Amino acid sequence: MPRLYTEQLSVGYGERVIVDRLTVHIPDEKITTIIGPNGCGKSTLLKAMTRIIRHQEGAVILDGKQISQEHTKLLAQKMAILPQTPESPGGLTVGELVSYGRFPYQKGFGRLTKRDYEVIDWALEVTGTIDFKHRSVDSLSGGQRQRVWIAMALAQETNIIFLDEPTTYLDMAHQLEVLELLQRLNHEQKRTIVMVLHDLNQAARFADYMIAMKDGKIVQAGTCEQVMTPDVLRHVFHIDAEIGRDPRTNKPMCITYHLIKGDAKHVEKTNDVHSSFVRPHLECVR
Amino acid sequence: MIVPQLRKKQRIILLALLMFICMTAIISMGTGYSSLSFERLMPVLLGEGTFKEQFVLFSIRLPRIAITLLAGMALALSGAILQVIMRNDLADPGVVGINAGAGVAVALFFLFIPIQATSFAYIIPLVAFCGALLTAILIYALSYNKQTGLQPIRLVLIGIGCATAFSGFMIVLVSGADRTKVDFIAKWLAGGIWGMDWAFVLALLPWLMTLVPFVLYKAHRLNVLQLSDPVAIGIGLSLDRERLALLLTAVALAASAVSVTGGIAFVGLMAPHIARALVGPRNELSLPVAMLMGGALLLLADTIGRNLIEPDGLPAGVLVSLIGAPYFVYLLWKKK
Chain A
1 MPRLYTEQLS
11 VGYGERVIVD
21 RLTVHIPDEK
31 ITTIIGPNGC
41 GKSTLLKAMT
51 RIIRHQEGAV
61 ILDGKQISQE
71 HTKLLAQKMA
81 ILPQTPESPG
91 GLTVGELVSY
101 GRFPYQKGFG
111 RLTKRDYEVI
121 DWALEVTGTI
131 DFKHRSVDSL
141 SGGQRQRVWI
151 AMALAQETNI
161 IFLDEPTTYL
171 DMAHQLEVLE
181 LLQRLNHEQK
191 RTIVMVLHDL
201 NQAARFADYM
211 IAMKDGKIVQ
221 AGTCEQVMTP
231 DVLRHVFHID
241 AEIGRDPRTN
251 KPMCITYHLI
261 KGDAKHVEKT
271 NDVHSSFVRP
281 HLECVR
Chain B
1 MIVPQLRKKQ
11 RIILLALLMF
21 ICMTAIISMG
31 TGYSSLSFER
41 LMPVLLGEGT
51 FKEQFVLFSI
61 RLPRIAITLL
71 AGMALALSGA
81 ILQVIMRNDL
91 ADPGVVGINA
101 GAGVAVALFF
111 LFIPIQATSF
121 AYIIPLVAFC
131 GALLTAILIY
141 ALSYNKQTGL
151 QPIRLVLIGI
161 GCATAFSGFM
171 IVLVSGADRT
181 KVDFIAKWLA
191 GGIWGMDWAF
201 VLALLPWLMT
211 LVPFVLYKAH
221 RLNVLQLSDP
231 VAIGIGLSLD
241 RERLALLLTA
251 VALAASAVSV
261 TGGIAFVGLM
271 APHIARALVG
281 PRNELSLPVA
291 MLMGGALLLL
301 ADTIGRNLIE
311 PDGLPAGVLV
321 SLIGAPYFVY
331 LLWKKK
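If you read the sequences in order, they're chains A and B.
Going by UniProt numbering, the residue at position 133 of the first sequence is 133; the numbering climbs one at a time, nothing skipped.
Going by UniProt numbering, the residue at position 28 of the second sequence is 28; the numbering climbs one at a time, nothing skipped.
Keep in mind the hints are simulated off the structure, nothing from the lab.
Everything numeric in this text was worked out from a predicted model, so none of it was measured.
Treat the hints with care, as some may be off.
[What the hints assert, rightly or not] Taking beta-carbon pairs under 7 Å as the criterion, some of the chain B residues facing chain A (in silico): (1) Ala141; (2) Val231; (3) Pro281.
Glycine is no exception: its CB is placed at the ideal position from the N, C-alpha and C atoms.
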């Protein structure tokens, strides 16, 4: 059993069911990416797993305990979350913001201890934001700001880090910068990372484990090779994709794709062609 | 993680505000309808004045100064909390219907319940306090959603709606009433400091003495509340519980102030705003500044207003707006 999993988890707003009786296991010390079309419930799943929204049925289990019955401060020592568009009050400096990551460990008036300062500096160092320590968060570029938010999550010193589309609004270089930082954290410190990503190729490239969702249910979960298949992509995104190999990382990637039009028969046919095109799978998990 | 220079700057600002308050208080002691000149201040303070001088200073001016200061502090602190909880720089105690609620309660009480003049002055604050508290509870109950908890934007909208409804109700109440009674209510609403007795100081002081340390204790939680909800939850803040506790604190602070001073709106909006502009968004730094700023503002407004038109003076609430509005316009202009 992994440390974190859900059991028959259902989340909805009023009558509308967003996540439908979903059971998913998050492998420890691996990078997991969740993919799926807009409105498939991937963000909602992430929010429910991190107690940001309440679920209606089922349970999220962390270390053998339901998170809904755990003290929220204790949870914050075990898992950190970087939401989609975090906001900070105007004029706050980078160092101050990152110091808020120490909140779960603070008592009383919230004075920072020597150890708190060490962790904050370490988080700034790792994310390459130490030079901005005394600058205002508003004055940073999108990529720098995202790294600062990651630094704040790191200051929480949690084993599990959730990120909801951490690369949105960033250009290609900054996207890679953020994802490579997360990969390094995973490799060097064995942190479990769970993130929602929009870009399929990035999702496959950085993930050890992938979850493809549609209409609040999981279509396929497993290694990149198991998830990045024409079948799965056709079903989940309604696209007709050709899957090849990234020559550098040897991860599966969408080489070309287009929207599926016409009747189901046609879809079946193209699928057959592509199945034979895919080369034998290699184990994705290193 | 606060830069030492900023801490130093905050200390200097606090010191400057204290000096300003002392100066204003001295000016306030030496001016007014009854004659008590500045040269006589020292002797009277040392107990060498005539009976009349003693009476003017100790029973009229000093309690008034104390009440104004305390009320200004309470309003500023309340406004600072509400601006954080509602994530809205334009929030102030008026937004959660405290002024309107207290106003309706006072109007209803004054118009329909016959009481004797002697006990009247001491019952009004109690009535205003209950009115404010009930309104805040009503607004909270209406804006609480079982699924999503307390949404700041809902709180603001319902608060403004209730405040407007109560103001309308008050016009209906007042329109049919007797002229002298209407005069009193209108004056109360405009925020003329009218509780001018040590008894009112004693009514106000316990609130401040318990709630100010409590709010300062909560300062770092207020910091976290300034972040967006998911971030605050993610770092382990019990959002609903903290919000409710702080909302009740803000209501109690503002209601206790409004109950002795009448409806004063601008202080709670302006003082926290100026404080943040001076020392940044960290609450452990900005709250003390906001508090002193609020006290200083209201004291200044009352001192000026009291001496402008003899013998009744201009209500402090009106004066605060006259002093505060230009600064606020300047702030907005600077932001662009």
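Results for each hint:
1. Of the supplied interface hints, the one on alanine 141(B) is violated, with its beta-carbon coming no nearer than about 20 Å to a beta-carbon of chain A, more than 7 Å.
2. Using the Cβ-Cβ criterion of 7 Å, the hint placing valine 231(B) at the interface with chain A is satisfied: the shortest such distance is roughly 5 Å.
3. Interface hint status for proline 281(B): upheld, as the beta-carbon distance to the closest one in chain A is roughly 4 Å, under 7 Å.
In the structure shown, a violation is registered for the earlier hint numbered 1 alone.
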